[in-house]
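Enquirer: Okay, here's what each chain looks like letter by letter:
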Amino acid sequence: MSDAPKKKFWSRRDFLMQSGGGIAGMALASMLDRDAVFAQSPSTAQQLSIGQQCSAKFAGAFEPRPPHFAPRAKSVISLFMSGGPSQMDTFDYKPALTKYAGVPLEDLIGEKFAVRQGMPGPLMPSPFKFAQHGESRMWVSELFPHLAKHVDDIAFIKSLYGRSNDHIQSTYEMQTGQIRMGFPSVGCWVTYGLGSENSSLPAFIVMNDYRGGPLGGPNDWGSGFMPASYQGTLFRSSGDPIVDLETPEGLTADQQRARLDVLAKLNQMDMEKYPGNSELAARISSYELAYRMQGCAPEAIDIRAESAATKKLYGLDEAITEPFGTQCLMARRLVERGVRFVQLFMGGVGVQNTDTWDAHSNLVENHTLHAAESDKPIAGLIADLKNRGLLDDTLIVWHGEFGRMPISQRGVGRDHNPGTQTAWMAGAGIQGGQAIGASDEWGYKALEQPVSAHDMHATMLHLLGLDHKKLTYRYSGRDYRLSDIEGKPIPQIIA
Amino acid sequence: MQPKLVSNRVMLSAVLVVTGFLPVSASAQSGAEFFSHEIRPIMERTCWNCHSEQIQSSGLDLTSRDAALTGGARGPAIIPGNADDSRLFRQIAGLEGPSMPLGVPLTADEIEAVRTWINDGAEWDAAPATAVAGDGFSAFITDVPASARDYWAFQLPKDHPLPEVSNFDHPVDRFLEQKRQDRGLSAAPKADRLTLLRRAYLDLIGLPPTLEETEAFLVDTAPGAWERVIESLLASPHYGERWGRHWLDVARYADSDGYEQDVDRANAWRYRDYVVAAFNDDKPYDQFITEQLAGDELDNTTHETRIATGFLRAGPRVNFREKDNPERRWDYLDDVLETLGRGVLGLTIQCARCHDHKFDPILQKDYYSLTSAIFGYVEADWPMLPDAQALDYLATKADLDERVSVVREQIREIEQPYVDELKVERIRQEFPQDVLDAVLTPEEERTDGQKLLAAQVLTIGVPRDEVDAVMPEEDKTRREVLRSRIQDIESERPEEPPMIEIVTDGDYRYTPDRAGDNVLGCPECRIQPTEPGSFLHQGNGNYEVPPANFLIRGDPFSLGPELQPAYLTVATYGDPVTEIPRPNGRTSGRRLALAKWVTSQDNPLTARVWVNRVWHHHFGRGIVNTLDNFGVVGDRPTHPELLDWLAVEFMDQGWSTKELHRLIMTSEAYQMASAFESEQNSLADLENHLLWRYRPQRLEAEAVRDVIMATSGGIDLTVGGKPIFPYIPQEILDTAALFGRWDNQVDGPDVWRRSLYVYRRRTLSYPFFDTFDLPNQNITAASRNTSTVAPQALTLLNNPFVLDQARLFARQVAEIAPYDIDQQVALAYQTALTRSPTAAEAEIGRQLVEERSLRDLTHVIFNLSEFLYRR
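First to last, the protein sequences are chains A and B.
Numbering-wise (my numbering), the first sequence opens with residue 1 and increments by one.
Numbering-wise (my numbering), the second sequence opens with residue 1001 and increments by one.
Treat the hints loosely; a few may be bogus.
[Claimed, not checked] Some but not every residue of chain A turned toward chain B, in silico, with C-beta under 10 angstroms:
1) Ser-136
2) Arg-137
3) Trp-139
4) Pro-145
5) His-146
6) Lys-149
7) Arg-180
[To be verified] Okay, derived cross-link-like pairs now, DSBU-like style, lysine-lysine, Cα gap no bigger than 35 angstroms in a straight line:
8) Lys-1158/B <-> Lys-1179/B
9) Lys-1451/B <-> Lys-112/A
10) Lys-99/A <-> Lys-1476/B
Keep in mind that the hints were calculated from the coordinates and are not lab data.
Glycine included, C-beta positions come from ideal geometry on N, C-alpha and C.
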């Protein structure tokens, strides 16, 4: 992210002129919160940063909606580790694997099981060293030296299980609660429930790994049966953040402004034929939002103004951490600006063993790479949010689509395992330094306090002040819930 | 289940107290006698329905002592002499979940009898075990309360007399006006002619009228001009494109499988074209449905009717390794039932998969009876050849494949020693020592763990050229001989005819591998059928449907009793047949029978649901607003008598959709103005549910793109054929899954075809459509959402396609009117909006063109609210 965001027709002067008197004094004027922008004397207004202008409140489709009860967090940053990180090699220390190295798992658990690829191998100890960290003495492997310093802020969930050993189905499950295609994602539910704190930016923003999107594609942040407006908006972390955001070559800012003004005039005249038609009024204001977004979206992820120290904190000074570090820093800027849900995918489609956490054929190489890419950026995110007093208002969630098998795949890799994975949450006033639930002796299945995707989602909603049983959407004659019929918040997290 | 557990516990403690005083003893009779008198009746009624030799839910057979001692997936069911530790007792006593039996719990006396019996040694008698239908367990509930049939949607539609109103004559208007009068509403006046013309065009063909068509309509002032417009539109091949698209929403149609591999469905478009043709031909709706459910089972089956069965398989499929994953088959059957239910019957049948429907009188047994009716279901590729030749072709192909595979196996045997050697070498270089050790250890000396490692690692491949390099000439020569034998066999292979993707009856356990099935190795790990059989029916005798079981709690591993086909109890009148034996014996005729029930005049739902969908597309809201749910949580009809009358009329007119359009569009209601205000009306019916004015409707995603291209003049109106792939920026393609097809085409006339033809990829919907509320393509759709959000504005403002079209539009206008700006403005308006600009608009337009350019104006027009609406 070295390119400056282009602002072809965006300038502070434009913004103020336009919002003060442009677009022919439409219904919009009354929707604007004048206190925020206009009541300033021109000289004060000039001093408003673009950031402040972009934080101004406007009424619209995503007007903030009150939660069901006092929320613990206002925003979520979801860190999805695509491909499925291995619990036994990261946070779920299993000394028994050393003892049982080379033994068939089947002999120990007394039942046959299937693996995703080919045949099962024998149990395989972690090639990574583990140590206890923090006052809470949480176990973390050598893969995460930076994150290890924050364990006292982190609640580990060591028993998150799923229902499918297929990447896509389990990604859908973790994102929507259902293994089938076509259900709204958690970010979509949150947007539906709470609206947005920022009317110049989308409420639910998704950023993909620089190598490509996660398995499952746009359905991972889709709106399923809900209106498409709730789906995640994909932000690119370089160039223009949103497709079609920027005016294309050959069209000047001035020219576009002229077109917009004529359009507003004509649409206004048209609307008079249909008084009381709220859709037409909404269409007119959608053009205003689009116009604001053209300035505010690039600004929101423009990290040039960040201090060198901040950039270093996220690892932007090193090639290996720069891509994900940039996204983590952008995530902070987005939640700062009131974006409700930021979804980052770490790991994207491409070459299996290098591009995602899917360590079938070389666990050491794969996990070393992905941990190195994400450890410092995530640790930096936690530290930065904490320093700025934002961590208490922000929920960070970390997980993959499933965990991995304690047995080996050809002596060097690990296959998929929906039986258990370690997820973690931080921020939102959650008691850190605790381990919730447990997997069995080998890390094969959730044993104590198994946590389903529904439970995880119910927990997230609860922290945002939403009662997961009350947040329903009627579709096809049924009141759907993100947490379906069986999810319940994790007591230790919401305590 | 929770309350049941509690009550069982309560009962149990009651039993304990009671038995403290009154010990039950079996000593008076032998163990076998006790079993015969006390236990057998319980088991007959409860256990044996699901735990028999034939049906072993959770792998458990309880029909003999040996089987019970062996137990099932959870271990032994009975420990003789120790009831308290016996799982059977613990589950019936509520000491351990899941509590058994399903349905009505055992009485305290019965539980105590079982305890006594087990404690006394759990003896059996010698009689055979036969289950009798028990009560309380939903597999055996065979009827719904009589009152359930009183609900409006389960009553057969009645031919209501036309209401007497003074001011309207058209039957549709008479029903509508009666409701309006009840609420003191007055109907809007008729819309002006040009508004009506545009409305009819957008509605029936999804394209605006051309200037010539507009001109022709304006000069046709003779009576019947409106009817003539309707007729010409119904006769247009673009009518089928427009209305076929509505049906494709119902059919959850896409061109790819979805999920991880998102495999291309290379021939799915033939089903799309079938649907378009069906609408253009005004195929009677009952026939249309019958072909889609059972096009392979008709008396006169054709390619077309076979293609129609694509409806059944149009949903998402994980595809690979489905044979090894029984739950996936049930998911596919569920997809079919959900589509049939919500799409055709207006009921959420899928809600009864794990339990009886929570709101509607739909039994879980109904669900599995319907599953049984479609259980022959397999997805097959079928050659487009005359029937006899098709079968010949398939047989020849299977024979050739088999012969080739035999020779391949011989080649493999020759290569094997060298391959093995090279594998060891590769393992030596690329894998850790313990893996190499496992491989080098003689097979019989390997530890259990080493056996696993060796088996795993020996599945690696070695490069072909390395094999050739180490293979002696002698073996190479032997191999060459075999290879040429393969060539000989291949030379007999007939050229592959065009293939179609169909559904027919077969045995899913023998489904051949197909695209995607082979990507992940280890075919030997797959579940292999235990007895010989074939995928499609071959040889003599009639095809038999594989056993279709009730699934307890919807769990594919908890098989309940086998069920025969039956239909929704509450919506079944008379005694419909459930199998129509086919003369060729290749299919069961169950789906044909199902289609007969669905399209029967005695089905209370089918005609109503379709008539309501058609109404919805004409008026923007159904008479029942929940198009896919006529059940109790769906909306009530605003005009129940009208809906009935239309349904009866529709069936009387031979299920003709075109007749229905004529009927609806000639009503005054269809021709009302939308720009009409009435304070009195708004106060009484703000939402316009009773239709006092025409409802403006935003164009659907596809129509927005089509209308832009039609307006610019760039559109290519070729009908039918393979899908197109309009340009998607690479960074968006990168967001989607690894697999999946998108043959990105440069934006230009080649891809300016109607949106209907844009490839539907499940893992990546075309971004332009997505922005304008494309419905989820993975499940059958109800009405589309209409959102009004900033990304729509961004697309219309900045998308290169839109700007190019605006440029093209400007060029077309300038060609006709090169010099006169006023004329250009007028022409642009007339082309884009089917009307002339007002004086004020003309002035604004002229200024813009003068100060900027015509292109600025045409771009603004594409962004006008009016342009995006049918009004």
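Enquirer: Measure nothing beyond the straight line between the CA atoms of Lys-1158/B and Lys-1179/B; if it is 35 angstroms or shorter, mark the hint as holding.
Expert: Since the Cα atoms of Lys-1158/B and Lys-1179/B sit roughly 18 angstroms apart, the hinted pair holds (cutoff 35 angstroms).
Enquirer: Compare the distance between the alpha carbons of Lys-99/A and Lys-1476/B with 35 angstroms, and conclude whether the hinted pair is satisfied.
Expert: violated (48 angstroms)
Enquirer: Less than 10 angstroms between beta-carbons is the criterion; does Arg-180/A satisfy it with respect to chain B?
Expert: Hint holds; Arg-180/A Cβ to chain B Cβ min 7 angstroms, cut 10 angstroms.
Enquirer: Take the shortest C-beta to C-beta distance between Pro-145/A and chain B; is it under 10 angstroms?
Expert: violated (25 angstroms)
Enquirer: Tell me if the straight-line CA distance from Lys-1451/B to Lys-112/A falls inside 35 angstroms.
Expert: Answer holds: Lys-1451/B to Lys-112/A is near 15 angstroms, not above 35 angstroms.
Enquirer: Against chain B, is Trp-139/A within 10 angstroms by beta-carbon distance?
Expert: violated (25 angstroms)
Enquirer: With a cut-off of 10 angstroms, does the beta carbon of His-146/A approach a beta carbon of chain B closely enough for the hint to hold?
Expert: violated (28 angstroms)
Enquirer: Grab the minimum C-beta distance from Ser-136/A to chain B and call the hint holds if it beats 10 angstroms, violated otherwise.
Expert: With Cβ-Cβ at 35 angstroms, over 10 angstroms, it is violated.
Enquirer: Should the interface hint for Lys-149/A be scored as holding, given a Cβ-Cβ cut-off of 10 angstroms against chain B?
Expert: violated (32 angstroms)
Enquirer: Close enough to count: is the Cβ of Arg-137/A nearer than 10 angstroms to one in chain B?
Expert: violated (32 angstroms)
Violated hints, in rising order: 1, 2, 3, 4, 5, 6, 10; the structure is consistent with all others.
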